[in-house]
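Line order of the protein sequences matches chains A and B.
Heads up: the first sequence begins at 1 in this note's numbering, then just goes up one per residue.
Heads up: the second sequence begins at 116 in this note's numbering, then just goes up one per residue.
Don't take every hint at face value.
Some chain A residues well away from chain B (every beta-carbon gap over 10 Å; in silico) [stated by the list, open to error]:
| id | residue |
| --- | --- |
| 1 | 16 |
| 2 | 35 |
| 3 | 42 |
| 4 | 43 |
| 5 | 56 |
| 6 | 63 |
| 7 | 77 |
| 8 | 82 |
| 9 | 102 |
| 10 | 104 |
| 11 | 107 |
Covered stretches of chain B (chain A as the covering partner; in silico rule of three or more C-beta atoms under 8 Å from a C-beta of chain A) [as the list claims (entries may be wrong)]:
| id | stretch |
| --- | --- |
| 12 | 124-133 |
| 13 | 219-228 |
Negatives, chain A to chain B, calculated, CB over 12 Å [stated by the list, open to error]:
| id | residue |
| --- | --- |
| 14 | 3 |
| 15 | 6 |
| 16 | 13 |
| 17 | 27 |
| 18 | 47 |
| 19 | 52 |
| 20 | 62 |
| 21 | 64 |
| 22 | 70 |
| 23 | 75 |
| 24 | 81 |
| 25 | 84 |
| 26 | 85 |
| 27 | 94 |
| 28 | 101 |
| 29 | 103 |
Rather than coming from a laboratory, the hints here were simulated on the basis of the structure.
A quick note: this is a predicted structure, and the numbers were derived from the prediction, not measured.
All C-beta atoms, glycine included, are put in the ideal place defined by N, C-alpha and C.
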Amino acid sequence: EAGVTQSPTHLIKTRGQQATLRCSPISGHTSVYWYQQALGLGLQFLLWYDEGEERNRGNFPPRFSGRQFPNYSSELNVNALELEDSALYLCASSWELNRGNSPLHFGNGTRLTVT
Amino acid sequence: GNSVTQMEGPVTLSEEAFLTINCTYTATGYPSLFWYVQYPGEGLQLLLKATKADDKGSNKGFEATYRKETTSFHLEKGSVQVSDSAVYFCALRIYSGGGADGLTFGKGTHLIIQP
């Protein structure tokens, strides 16, 4: 069974540009989560998509947005990039029928560097 | 709100030593508890989980018991190996009626095992 896949592995952008990160969940998983792992700040919850809808978002500005496609894959868009957006962005998927009990399965992340 | 507190480290041990990484939580409701491990350059891997009080999760020689009375989920291993060197994250997940939310993570504990 293929795990969660993310692309690209690395992404280098300049301040003010836009970045698009992509995620394919494990087959059969309907929920996708995005997390930011910045140096020294731990894992911060960004967004949760389930069945194509945004279910919850963390404490991030509106320039962080995303969507989930009918095949449950997802993309994260970051507009007007700032230097502090440099981080590892992790995508995770889960199977939501066991509400709250299902673990999240993570991809290896996209390393975004803003210069 | 929900939160997880764990020792940040780094924790440095010699091979074959006994390991304990403390984790305590605060939650409004009855969470499921998880330990994840992150090896250098990789995403997070689920190590073990427990979904109700007194459950013991175990995997690869690691174990943790869900203690509701002390709101704790300490990770233990009887004899660590150099290959256990990684960052360990304690996390909780809770169903709040409106749907399951994502994971709330501790800040991670960097474990270094010396030969």
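Review point. For this structure, which hints from the list above don't hold up?
Key: 2, 3, 4, 5, 9, 10, 11, 12, 14, 15, 18, 27, 28 and 29
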